[in-house]
Amino acid sequence: MKTLPLNPTENQSPESLRAFLTQCGALAREAGRPQLVSISLAVDHLDPLAVLESIFEPSELHFYAERPAQGFAVAGAEAVLEFTATGPDRFTTARDHIARVLADTIAVGPLDEPFAGPHFFFANSFAHESPAGASFPALRLFVPRWQVARMGDSTVAVANLLITADAPVDLIAAKVWKAHAKFRAFDYRGAQRNDRPSAPKHAEEIGGEGSYQQGVAQALQEIARGAYQKVVLARARRLTTTEEFHPLGVLNHLRQHYPACYAFSIANGRGQSFIGASPERLVRVAGGRMHTEALAGSAPRGDSASEDAAFARALLLSEKDQREHRLVLESIARRVADLDLKLEHAGQPRVLGLANVQHLHLPISATLPAGVHILDLVARLHPTPAVGGTPREPAVAAIARLEPFARGLYAGPQGWVDHRGGGEFFVGIRSALVDGRSATVYAGAGIVAGSSPEKEFAETELKFKALIEALTNS
Numbered sequence: 031m032k033t034l035p036l037n038p039t040e041n042q043s044p045e046s047l048r049a050f051l052t053q054c055g056a057l058a059r060e061a062g063r064p065q066l067v068s069i070s071l072a073v074d075h076l077d078p079l080a081v082l083e084s085i086f087e088p089s090e091l092h093f094y095a096e097r098p099a100q101g102f103a104v105a106g107a108e109a110v111l112e113f114t115a116t117g118p119d120r121f122t123t124a125r126d127h128i129a130r131v132l133a134d135t136i137a138v139g140p141l142d143e144p145f146a147g148p149h150f151f152f153a154n155s156f157a158h159e160s161p162a163g164a165s166f167p168a169l170r171l172f173v174p175r176w177q178v179a180r181m182g183d184s185t186v187a188v189a190n191l192l193i194t195a196d197a198p199v200d201l202i203a204a205k206v207w208k209a210h211a212k213f214r215a216f217d218y219r220g221a222q223r224n225d226r227p228s229a230p231k232h233a234e235e236i237g238g239e240g241s242y243q244q245g246v247a248q249a250l251q252e253i254a255r256g257a258y259q260k261v262v263l264a265r266a267r268r269l270t271t272t273e274e275f276h277p278l279g280v281l282n283h284l285r286q287h288y289p290a291c292y293a294f295s296i297a298n299g300r301g302q303s304f305i306g307a308s309p310e311r312l313v314r315v316a317g318g319r320m321h322t323e324a325l326a327g328s329a330p331r332g333d334s335a336s337e338d339a340a341f342a343r344a345l346l347l348s349e350k351d352q353r354e355h356r357l358v359l360e361s362i363a364r365r366v367a368d369l370d371l372k373l374e375h376a377g378q379p380r381v382l383g384l385a386n387v388q389h390l391h392l393p394i395s396a397t398l399p400a401g402v403h404i405l406d407l408v409a410r411l412h413p414t415p416a417v418g419g420t421p422r423e424p425a426v427a428a429i430a431r432l433e434p435f436a437r438g439l440y441a442g443p444q445g446w447v448d449h450r451g452g453g454e455f456f457v458g459i460r461s462a463l464v465d466g467r468s469a470t471v472y473a474g475a476g477i478v479a480g481s482s483p484e485k486e487f488a489e490t491e492l493k494f495k496a497l498i499e500a501l502t503n504s
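Residues in the sequence shown are numbered consecutively from 31, following the working numbering.
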């Protein structure tokens, strides 16, 4: 990536921007290829979700993620570049594509600021193949035409352009300057929505009532035969109502009620959005360090402090839940063993308390050897035993056989890669696919020896609750 020692807006004039873009056109002519031009601007405090709401277009791709407890939010929309891949090597293919794009990228602005410079936003399905007619391909990455991000007290707006040798520089400069002025003094009017969807008129269990318990019973038989140690089976419930759901309104509800989770929305440009509040980080890479986590086991929150503490203690003492957590930790270690990482963690999990559920949680970190890309880690870590099972191959095969639906983006790794090779991916759970007046809500539970169909069904009911409440109260 080429970084130019100038700020195209430092003189606060459209003329300086035109001169800069003319220079980029000359570089495109010299290279014989279009150049991705990324212009980053430090701006006053903005709410990225409010910005996305104000310019939301169902016909455009968008990506939004926020984790209030960590103080970051990022929104990107309207693809200037888009790439899809399928098959078991989809992440390697994507890594190589990003390298090619960055070789023809020109970036300017405060690139040391968080979320400055070009970012590649991903929507990835659980499976490495996507069935015909699916809402999303197996892997899609895109570079947004615009991006707004906040990290703590820092807010950055990014404009990404594709400049060819004969690009209409005057027209492009005028559009960028107009957007620059808008982000400098953003007007939130027009983003409010007063209409809310009514309570669902119909709720349909995909696969039929009782199908989940039957699947769990079958999985327990296969576990007893030694086919695998753990499998995560999910349910899907389709809700319909008389009014259209508003995905970004749902997202606002989720970020307010679940600040420890990744509140996210990923739109396919065809009117469908995959939204949710995920508690699970897959992997984060920054400053040469990798951060992941082992998350497993579930317990409800209590109605009183005493009851809540009792549930947490029972979770910590549960042999079944501790065994499930150990399987996750051991699997992570096996999957990255070839990278020669020295994993650092506290040894024993603690209880992670979310708004309506508690989990066993153990942060894990390591220093990355040179040349290891975040997508190399995504390829190894997905699917984690927390959403797939262990051993991975027979568990994933059992999911395809026992679940009466294709997961799509549910439980897939969603996130972004930055121009430095860092980034962050979370697991797309506690989620729903929203399509007009219909929303398909997903929830899963880990099945190990000692599980019972009734208890696992009750666990998925608990996990459904957050999304269904958000859908009907937003």
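Treat the hints loosely; a few may be bogus.
As the list claims (entries may be wrong) - Taking CB as the label site, the calculated pair distances span: (1) E499 - T397: 27 to 33 Å; (2) A344 - T397: 33 to 39 Å; (3) G182 - P421: 38 to 44 Å; (4) A209 - Q251: 54 to 60 Å; (5) R331 - G256: 58 to 64 Å; (6) P198 - S241: 54 to 60 Å; (7) E374 - E423: 26 to 32 Å.
To be verified - Restricting the straight-line Cα-Cα distance to at most 27 Å, the calculated cross-link-like pairs of lysine-lysine (BS3-like) are: (8) K350 - K495; (9) K485 - K350; (10) K205 - K350; (11) K208 - K493; (12) K32 - K208; (13) K485 - K495.
The hints are simulated quantities; they were obtained by calculation from the structure and are not laboratory data. Note that CB positions come from ideal geometry on N, CA and C, so glycine has one too.
Find the hints from earlier in the document that the structure breaks and name them by number, from lowest to highest. 1, 5, 10 and 11
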